[in-house]
Amino acid sequence: MSKREVDIVVISDVHLGTYGCHAKELLKYLKSIKPKMLVLNGDIIDIWQFSKRYWPETHMKVLRKLMKFVVEGVPVHYLTGNHDELLRKFADMHMGTFHLQNKLVVELDGAKAWFFHGDIFDVTMQHSKWLAKLGAVGYDSLILINSMVNWILKLFGREKMSFSKKIKAKFKDAVKFINSFENTAAELAIENGYEFVICGHIHQPEMRTIAVENGQVTYLNSGDWVENLTALEYHNKTWKIFKYDPKDFQKDEVEEGQLSDSEDLSSKLDINVLLQKIKLEIV
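When we follow the working numbering, the leftmost residue of the sequence shown carries the number 157, and every step to the right adds one.
Keep in mind the hints are simulated off the structure, nothing from the lab. There may be inaccurate statements among the hints.
Stated by the list, open to error - As a list, the in silico DSS-like pairs of lysine-lysine whose alpha-carbon atoms are at most 25 Å apart: (1) Lys190 with Lys259; (2) Lys393 with Lys259; (3) Lys221 with Lys259; (4) Lys190 with Lys393; (5) Lys190 with Lys224; (6) Lys396 with Lys190; (7) Lys403 with Lys184; (8) Lys192 with Lys224; (9) Lys180 with Lys316; (10) Lys393 with Lys187; (11) Lys403 with Lys187; (12) Lys316 with Lys184; (13) Lys190 with Lys403; (14) Lys184 with Lys224; (15) Lys187 with Lys159; (16) Lys159 with Lys407; (17) Lys224 with Lys407; (18) Lys268 with Lys190; (19) Lys192 with Lys259; (20) Lys159 with Lys180; (21) Lys399 with Lys159; (22) Lys192 with Lys393.
Hey, can you work out the whole structure from these sequences and the hints?
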């Protein structure tokens, strides 16, 4: 299958290292595209909940696929989020076409686009980080339970359900938070002269124009790869939200060449070894 050419791909909130991460689906998506630029907009590796007891081979393959883009010369911008905030101490590090940053500004056909994760707008993150971390553990547990329930529903031919979406819909405060997040990002973008503002963090894929007194901006959110399985794609001067559909990815493409799928990964799944290699690269 020929790979789709895309000018820019934005993914966020993958949460590698957690039970809720859909690494297998993400890997299939990454194998299907040929981006000119890849923006990883935070929370790619979930360092908050990281445990060496849980690091499946598919999670390693996602990292290796991202490395393969770098090896092939694709600019990869890793923007830090709250779940991978430990990487912020290494911000503005550049190795070949790999760039570790807190934010990114790109000119797209004469319009400025502002990329950042968005956790700076989260009051809980700013004042009660312990509560945010506790919530993250609860969220991952909810996703795990939800996965088991959906497996049972599938056996009986029933439609899948999302516990977290139902909970968010029940609580008006959740809706208020999302609206406040989007409007705050838009207002700051307008003040700084940006035409696009691209975030992650809230696991809510979105693309809409937000107008305030002093102007308007296109707000975009890449969603996540825990529940929504979405990404943002910019091609031919147009943004769109990509939504993963299993029907489009029934055949698993095999990676060839350097960092190919044929390489044995079993001896490389020790996360301590992986982190040590990353540390050596940084130093």
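Hints versus structure:
no. : hint               : in the structure
1   : Lys190 with Lys259 : 23 Å, holds
2   : Lys393 with Lys259 : 22 Å, holds
3   : Lys221 with Lys259 : 23 Å, holds
4   : Lys190 with Lys393 : 17 Å, holds
5   : Lys190 with Lys224 : 12 Å, holds
6   : Lys396 with Lys190 : 16 Å, holds
7   : Lys403 with Lys184 : 12 Å, holds
8   : Lys192 with Lys224 : 13 Å, holds
9   : Lys180 with Lys316 : 18 Å, holds
10  : Lys393 with Lys187 : 23 Å, holds
11  : Lys403 with Lys187 : 15 Å, holds
12  : Lys316 with Lys184 : 21 Å, holds
13  : Lys190 with Lys403 : 20 Å, holds
14  : Lys184 with Lys224 : 14 Å, holds
15  : Lys187 with Lys159 : 8 Å, holds
16  : Lys159 with Lys407 : 13 Å, holds
17  : Lys224 with Lys407 : 20 Å, holds
18  : Lys268 with Lys190 : 23 Å, holds
19  : Lys192 with Lys259 : 19 Å, holds
20  : Lys159 with Lys180 : 18 Å, holds
21  : Lys399 with Lys159 : 17 Å, holds
22  : Lys192 with Lys393 : 13 Å, holds
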